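> In case you want the letters, here they are:
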Amino acid sequence: MDFDLTEEQREIKRVARELLAARSPLSRVREAAETGAYDQALWREIVGLGWGGIAVSQAWGGQGLGGIELVVVLEELGFACAAAPLLSTAAAAAAIDACGSDAQRERWLPGLVAGDLRAGVGPAALALDGHGADVAVVLDGEGAVLVAAPESEPLETIDPARRFAALARSSVAGGEPLGAGAADLIRMSIAAEVVGLCQRALEMTVAYVGERRQFGVPVGSFQAVAHRCAEMLLQTESARSAAYHAAWAAGAEPTRLGEASALAAAAAATAAREVPASAIQAHGGIGFTWEADVHWLYKRGEVDRALLGGAGAHHARLARAAAARLAGGSP
Amino acid sequence: MDFDLTEEQREIKRVARELLAARSPLSRVREAAETGAYDQALWREIVGLGWGGIAVSQAWGGQGLGGIELVVVLEELGFACAAAPLLSTAAAAAAIDACGSDAQRERWLPGLVAGDLRAGVGPAALALDGHGADVAVVLDGEGAVLVAAPESEPLETIDPARRFAALARSSVAGGEPLGAGAADLIRMSIAAEVVGLCQRALEMTVAYVGERRQFGVPVGSFQAVAHRCAEMLLQTESARSAAYHAAWAAGAEPTRLGEASALAAAAAATAAREVPASAIQAHGGIGFTWEADVHWLYKRGEVDRALLGGAGAHHARLARAAAARLAGGSP
Amino acid sequence: MDLTFSESELAFRDDLRAWFRAHAPAPEPQGDELAHFCWRRDYQRLLARDGWAAVHWPARYGGRGATLTESAIFFVELGRHGAPMMANVLGLLLAGPTIMSWGTDAQKERHLGPILTAEEIWCQGFSEPDAGSDLASLKTRARRERGHWVVTGQKVWTSGAQHSKWCMLLARTDPDAPRHKGLTYFLMDMEQDAVDVRPLRQITGSSEFNELFIDGAVISDEQVLGGVGNGWGVALTTLMNERAGLAFFLQVRLRQLLDRLLREAADRGLLADQAVAERLGELHVRAEVLRLTAYRGLTTVQKYGQPGPEGSLTKWMWSDANQRLTQLAADLLGPQALAAGGSWGYELLRARGNSIEGGTTEVLKNIVAERVLGLPKSR
Amino acid sequence: MDLTFSESELAFRDDLRAWFRAHAPAPEPQGDELAHFCWRRDYQRLLARDGWAAVHWPARYGGRGATLTESAIFFVELGRHGAPMMANVLGLLLAGPTIMSWGTDAQKERHLGPILTAEEIWCQGFSEPDAGSDLASLKTRARRERGHWVVTGQKVWTSGAQHSKWCMLLARTDPDAPRHKGLTYFLMDMEQDAVDVRPLRQITGSSEFNELFIDGAVISDEQVLGGVGNGWGVALTTLMNERAGLAFFLQVRLRQLLDRLLREAADRGLLADQAVAERLGELHVRAEVLRLTAYRGLTTVQKYGQPGPEGSLTKWMWSDANQRLTQLAADLLGPQALAAGGSWGYELLRARGNSIEGGTTEVLKNIVAERVLGLPKSR
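Chains as they are written, first to last, in numbering that gives the first Met the number 0: chain W, 0 to 330; chain Z, 0 to 330; chain S, 0 to 378; chain U, 0 to 378.
Hints in this document: simulated from the structure, not taken from any laboratory.
Being a predicted model, the structure only gives us computed values, none of them experimental.
All C-beta atoms, glycine included, are put in the ideal place defined by N, C-alpha and C.
Treat each hint with caution, since some may be false.
What the hints assert, rightly or not - The calculated lysine-lysine pairs, modelled on PhoX-like cross-linking and capped at a C-alpha distance of 25 Å, are: (1) S:Lys302 - Z:Lys12; (2) W:Lys12 - U:Lys302; (3) U:Lys376 - S:Lys376.
Unchecked claim - Over the 10 Å line for every Cβ pair with chain Z, so calculated as not near, a few chain S residues: (4) Pro26; (5) Gln29; (6) Arg44; (7) Arg145; (8) Gly146; (9) His147; (10) Lys180; (11) Gly181; (12) Asp195; (13) Gln201; (14) Gly204; (15) Asn229; (16) Glu309; (17) Gln326; (18) Asn365.
Chain W with its partners taken away, still in its complex shape (with noise of 0.2 Å):
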C-alpha cells in the first residue's frame, strides 16, 4: 500500500509546474482566449517534451508511461489553465493505444505523439478540439466512438482560451466503437485536468486572502473566508483521491478502472464547479474582473463538468453499480 507518487512521477511534476509556469503564465492565457488562437510556441514546446504521449507505447512512439504520469501531466496542464490541445492529445492517443486495434494505433498515434495530427475527445455536441482534428474520440454513453476526420461545426464556449466543435452524428454514427475503457481514459484525464483548475484556484485564493486587508485585517483572518479556503482544500484533495485512484486502476486494476473513472468524474464534477466559483467569491469584486484572471479557472471548470457528462449521472451509475454488487452477495 503506497498512495504516493514515484520521484521519477514527482520530477515529472516538477518539471510540468516549472515550465507551464514560465511559458504559460495566466497572462498567456488571457492573451490566447483573447486572440481565440492555442499558444503555438508552448505547443511545439509540449509536443517535443513528448507529453501527448506520454502515456503511449514506446512500439508507437509514446514515452511508454501509464496512466499515473498521464494524470500528473494533465493536472499541470490544468493548474497552469494552458492554452494547448494537450487534454485532447494524450487523452486521445491514451484511449487509442488501450482500446484500439493496432490497425488503429499504427494509423493514429505516431502523428499524434509527434504533434502531426490533431485529435478531439469529449460529447458529439462539446468536443475539444474537435474542429478541423484528424481523429475524435467521442464519448457516446458509457462507451467510446473513434472517428476519423469528423465533420465539424466550430463551437465558441464560455472558456475561450480552448477550441471546440459540434460533431456532425452523421459523422459519429459512422465511427468504430472502441469500448467503455476508452471512455474511462478520457473521463479520468478531464478529472486530472480538474484537480490541477481546482490546487491553482486554492493557491491564488489562499495568496490574496492571506495579503488584502479591509477593516484593518487580511481577510483571510475573517472566519467565512478560511472556512471557504478549507473547503476547497476538501474538494480538491477529494478530486485527487479519486483521480489518482483511477489513474493507479488504469495500469494496475483494469477491471476496476471503470467504477474507479466514474468516482474520479463524479468528484470532479463537483469540484470543478464549487472550487473555482469560492475562487471568485473570496477574491471579491477583484475576482469578478477580467484582468484578475481567476475567471478562466471558472470557465475551464464548468467546462470541463460538461465535458464529464456532469456529476449526477456518474451518481447514479455507482449507486446503481453498487447496489448490483451487493445484490451479487460480494462484500
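Put chains Z, S and U on the given structure of chain W with help from the hints.
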C-alpha cells in the same frame, strides 16, 4: 396588498405564546417524553380555549376563524414544542370542515372541538395520534381519506413527546375520500408547526451563543457561528413566508391552495431538518445532551419532515405544475 | 392579511400593462454596449414622456407619488414585459431622491428634469479600491482652491460612468476630522479632462463598471449637496434609498429565467427525470419564497416605516437562487448553455457577481447576524 | 503508487480474517448499556488472548508491532466483521502508548497488561466545562498535601468513565506558571469516593459520556506520568497518538451503513428513481473518497513521518457523510427509519454528535485553514 397579521391575529399569537411558555416549558416536554404520555392538564386548557376548532365553523362548535388563525396557533404549538394532540385535532377538524360532507361535519366536528373525540392525521404508516383515534384523516398521495376508528398499531418514534401509529391498510382502504384540499390543509398545518419549531431553535441558539464564551469571547462573535444563525433565520423566514401564503390562500384563493400548500410543505421540510440541526451544532457539546432540550426540536423536525412526505416529491410536483402552466400559455 | 392588490393598485397595474402593451420594447441588442445603452435610454424617454419613468417621485417632479406597492408593481411589470431597466436607474432611484431631500431649490430645478428624461445620466462615486465595504475610510480628497473645490482620488465599481454627465461623489474635505466626519457629498460634472473613466472589464467580457481616476477635477460651491462636512449623512440617504423596487425587478427576472429553463427542459422531455424535476422544483420554491418574502418586506416597511428581518434576506436569497439557476441550466441544457455569446452562458458568468455586487453575501450575513439577530459583532 | 497490499500485509489480513471467521462476535445487545459494555469487554479479551487486541503495540507488551497499514487493516476488518470496538479503546490507543513513551518501568509493568486484557478500563480526563477546545485554560487543581497530590475540579465528556479503573488526568499543579506550564499528567485511580461519575445523557437517550466531579481525590507520586509540570508535553503525546486506525473503523462503519441503505433501497425498488439513485451515489462517492483519502493520509505518515493536508480532512469528511447518510435513510425508508429503538433512528440522532465530538467541524476548519493552508489565525 398587506402581508401581515391583523391586530386580532397578533393577539391570538401573543396569548398562545404566553400560555404555552407558562404551561409548557421544555422541561414539561421532556417530562412528557420521559413518561410517554401527553400533558393532559395542558390539553384540557387548550381544548377550553377552543384552539382545536379555531378554523371550524361556529355552526359545528368552532371559532369560525380561518387558515391564518390556525397557522398562527400551530406555529406557537411548534415554538413550544408542546406535548399535546393539537396539531392532529386542529388539522383534522379544519380538513373535515372544509372538505367533508355535512354528515361528516356533524359526525365529527363537535366532538373534536370539544375534545371528546380524538383525531389522527398523516400518512397511514406514520399517523400522528392515530392509535385509538376516533377518526383519522390519512394523507394518500395528493389526496386524503377520512377513516372512522381506524385499526392501528402504536408506533414509537424518535420523538417520544408525541404519539404515532401505523394504520392498517384495510382500514384506510375502507375510508371516505375527502379531496385534495384536505391534504393541503393538513400539510399547511404541519408546515405551520415547523415554522414555530424553527423560530424556537433560532431564538434558543441566538441566546446561547450570545452568552456562552470560549477563548474569552462569546461564541456568537465567531463568524462561522454568526453566519450559521443568519442561515437559520433565512430558512425560518422562508418557511414562514410560504406557510402564511398557504394560510391566506386557504381562505381567499382556494384554487391556489394546492400549489401554495406544496410550496409550504417543501420549504418547511427543508427548514425542519436544517434549522434544528444547526441549533444543535451551534450549541456544541451541550446541544448533544438530553438536558439541553434542543434535541426535541430536531426530533420533531425530522418527524414533521416525514409527515410532510419529505421535500423532493413536492419539488417535483411544483416543477411539473409550473411547466404545465407554461405549456398552457398562462404567464 | 390580504395578498391581493387593492382596487387602486389594480387600476395602477392595469394602466401600466396597457401602456406596456402599447409600447412593446424593441428586442434587446446583443453584444454592442453602446447600442444596449441607447436601447435603455430611449425606452426611459418613452416612459418619462408618459409619466412612468419615476412613479415613486412626487407628481410635481414628474412622478406619480406611487406607494411602495405601486412602485413594486411598476418594477414587476417592467420585468414581466421584457422592458429594459431605465438607463438612468441610479439617477432615478438614488440621485433624484437624495437631491429632493438635501438639495437647494436651484439644485432641484437644475437636476431633476434631466434625470427623469435621461438627458443627463448619473453614476455613483462612493467605493474606492482600498475601502470596499468600509466607506468611512475613503481617501479621495477635495481641497479648497481659489473659490472652488479641487478633487483628487480614485473611485471604483462606478457603473455607467462612461455614459454619465454627473457623479454622486463622496470625498474627504477635512482630513483631520474623525473618519465619518469631514466628508462632503458633491455633484461632480463628469465632463472635464480631470476625470478619466476607465472601463473595468468583467469576467463576462463586458464592462458594466468603471474605474474613475480624478486628478484635479473642479467643483463649484453650487455643487455641494447638503453642506460641507455633512457628506456622511447625505450618503446615508442615498444608501438607504428605496431599492426595494429593484428587488422586485430582479425577482421577476429570476422568475423569467426559470420559466425559460422550465420550458426548455420540458421541450426536451427532461421533466420525466425525477432528479431534474426535483432540482427545478427546488429552484421554483426559491423563486416563490423570494417573491413572497419581498412582499412581506414591503408590507413591513409600509406599516412600520422600517424593514423587518425579511428585508435583509431578499438580496441574499436572490443571488443564491440566480447562481443556482444558471448552473442548473448549464447542467440541463449542456453545450447550448455554455456557448459564447448565448444568453445562458452570459447569465452563468454574470451570476458570479450577484453574491459580490451590492454587498457580498458574507457582509449581508454579518449584517443579519448583528443587526437583525443582535449577535455580538463578529470577529 | 501501489494501492494493493504487500505480501506481508495480505498475510496479516488473511490471518486476521481467519481469526474473525473463527470468532464471530455475538449479536450486538440492544438497549442495555451494561450488557453492551460487557459485549465489548469480552470480545476484547478474546482478541487479547490471541494477540489481536493491540496490533500496533510492540510484541514485548503483547502487541504485534504492526505497521500503520496493518493497523488500518485491523480496524477495517474489525468493522467489516461486525465486531465491537474494544471496550478499552482509550487504554489501547491513548493511555498505553503514552505510558510507553513517558512511563517508568514500574508504570509500564503495572499498567500495560491490564489495559490489553480489559481488566482495567481507562478514560480520559482532559476536557472541562469552561475549556472546550482550549486545553491550556483548564482549572482542575492538584495540591501537594502530606506527600500526596490532592485533586479538585470537574471534567466533562469523559467517555466510559463509569466503567473505568483509571483516568488520564490533566491537572494544574502550579497555578502561577503560564497557561501551558504548570500542568501535570496523572494516572488517577477512579475507585475512590472523591471521584463522582455522573452520566451525561445524550440526545439518543443513552450515556456514552460522563461528567467527573473530583473533590479531594488522592494521587500518589508513583502515579505522576512524565514528571511534575510536564503535563502539556505528555498530553500532546496522548493527543497526537495514532488515531488513524479509528478513522478506518469509522470509515468501514459508514460503508456498512451505506451498503445497508443501498440494499434496503434496492429491495424497495427505489433505485429506479433517478433522484434516489443520484442521492445514494453522491454518498457512495463521499464514502469512497473518504476511504481513498484515509489511505493517502496513511502513506504520507508512513513515508514522511507526519500527516499531509489529507490527514486533517478525514474526520470532517466522515462526520459530514455520516450525517447525510442517516438523513437520507430517514427520507428513503420513512417511518421505519424514525422508529424509536430502531437502529436507523438511533444512527440519525447519534450522527448529530459526529460534527461536535473529537473537534467540532468549525474547529477542524480553523485548523485546516491555519495549519494546512497557512492563513492568518482567524478572528
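> Need the list of violated hint numbers for this structure, in ascending order.
Of the numbered hints given earlier, those the structure breaks are 16, 18, listed in rising order.
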